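Asker: Residue numbers (my numbering), protein chains in the order written: chain A, 281 to 393; chain B, 47 to 158.
The set of hints was computed from the structure by calculation and includes no laboratory data. Nothing here was measured: the structure is a model prediction, and the numbers come from that model. Treat the hints with care, as some may be off.
[Claimed, not checked] Under 7 angstroms between C-beta atoms, here's a sample of chain A residues computed to sit facing chain B:
hint: 1; residue: E307
hint: 2; residue: Y311
hint: 3; residue: G320
hint: 4; residue: G322
hint: 5; residue: L323
hint: 6; residue: L325
hint: 7; residue: F370
hint: 8; residue: S374
hint: 9; residue: L382
hint: 10; residue: F384
hint: 11; residue: G385
hint: 12; residue: S386
hint: 13; residue: G387
[As the list claims (entries may be wrong)] The calculated DSSO-like cross-link candidates involving lysine-lysine, where the alpha carbons are at most 30 angstroms apart (straight line), are:
hint: 14; chain 1: B; residue 1: K88; chain 2: A; residue 2: K381
hint: 15; chain 1: A; residue 1: K291; chain 2: B; residue 2: K145
hint: 16; chain 1: A; residue 1: K291; chain 2: A; residue 2: K350
hint: 17; chain 1: A; residue 1: K337; chain 2: B; residue 2: K117
hint: 18; chain 1: A; residue 1: K333; chain 2: A; residue 2: K350
A virtual CB, placed ideally from N, CA and C, is assigned to each residue, including glycine.
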Amino acid sequence: DAGITQSPRHKVTETGTPVTLRCHQTENHRYMYWYRQDPGHGLRLIHYSYGVKDTDKGEVSDGYSVSRSKTEDFLLTLESATSSQTSVYFCAISTEGEGEKLFFGSGTQLSVL
Amino acid sequence: GESVGLHLPTLSVQEGDNSIINCAYSNSASDYFIWYKQESGKGPQFIIDIRSNMDKRQGQRVTVLLNKTVKHLSLQIAATQPGDSAVYFCAENPTGDYKLSFGAGTTVTVRA
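Could you put the whole structure together from the sequences, leaning on the hints where they help?
Answerer: So this is what it looks like as structure tokens:
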């Protein structure tokens, strides 16, 4: 799992509540990513980071924000969760020298009721 | 939107046979392609990758073929085993930076 830990592994929340998902890596990689996975859509990029305090939007960033105050942690926040954000969320890292190759965490199953 | 897709959402294979999983991509500027395997309840796992200056690359029991003329990518698995049952995704790097674009996946089921 390339030293990636996602927490929580499962979460059920209500519409309108804020939710923060955490991705922690132990190997000091520069690039980190958040993807969501939904049936029929594969994996879609939400946000990514190329260093501490350096983040950018992916293709499905609306309704999400991220923060990276330390190299090892990349947080994904749903400011006000909606049912359309029910999904499986994956964090990924890419390693120096193998730029495009992503290594994924085990995922967080989020249900918004 | 997605620029990578797979021809078939499901594939059933007899144990011991070879599997071929296909993927079409639309961005002719993509220079890097990768295959992932995802087992139930787990994150995607790297299988094999290929750059656009190659048309074939082999790994352990797997081969990736790239046909840039028709923008087609395939993954061949030799002597398919029950442990190969999973969802397989192809992905490309359409923008030349460190962001992959994924197809919708093919579910492979291995019959005993």
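Asker: With reference to the structure, classify each hint as holding or not holding.
Answerer: Each hint, compared with the structure:
1. E307: 15 angstroms, violated
2. Y311: Given a least distance of 5 angstroms, the restraint on A/Y311 holds.
3. G320: 6 angstroms, holds
4. G322: A/G322 check passes; min Cβ-Cβ to chain B is 4 angstroms, inside 7 angstroms.
5. L323: Result: holds, 4 angstroms to nearest chain B Cβ.
6. L325: Interface hint status for A/L325: holds (6 angstroms vs cutoff 7 angstroms).
7. F370: 5 angstroms, holds
8. S374: Because about 5 angstroms separates A/S374 from the closest Cβ in chain B, which is inside the 7 angstroms limit, the hint holds.
9. L382: 6 angstroms, holds
10. F384: A/F384 check passes; min Cβ-Cβ to chain B is 3 angstroms, inside 7 angstroms.
11. G385: Hint on A/G385: holds, closest Cβ of chain B at ~5 angstroms, below 7 angstroms.
12. S386: Nearest chain B Cβ about 5 angstroms off; hint holds.
13. G387: 5 angstroms, holds
14. B/K88 <-> A/K381: 17 angstroms, holds
15. A/K291 <-> B/K145: At roughly 27 angstroms apart (the allowed maximum being 30 angstroms), B/K145 and A/K291 satisfy the hint.
16. A/K291 <-> A/K350: 24 angstroms, holds
17. A/K337 <-> B/K117: 27 angstroms, holds
18. A/K333 <-> A/K350: 8 angstroms, holds
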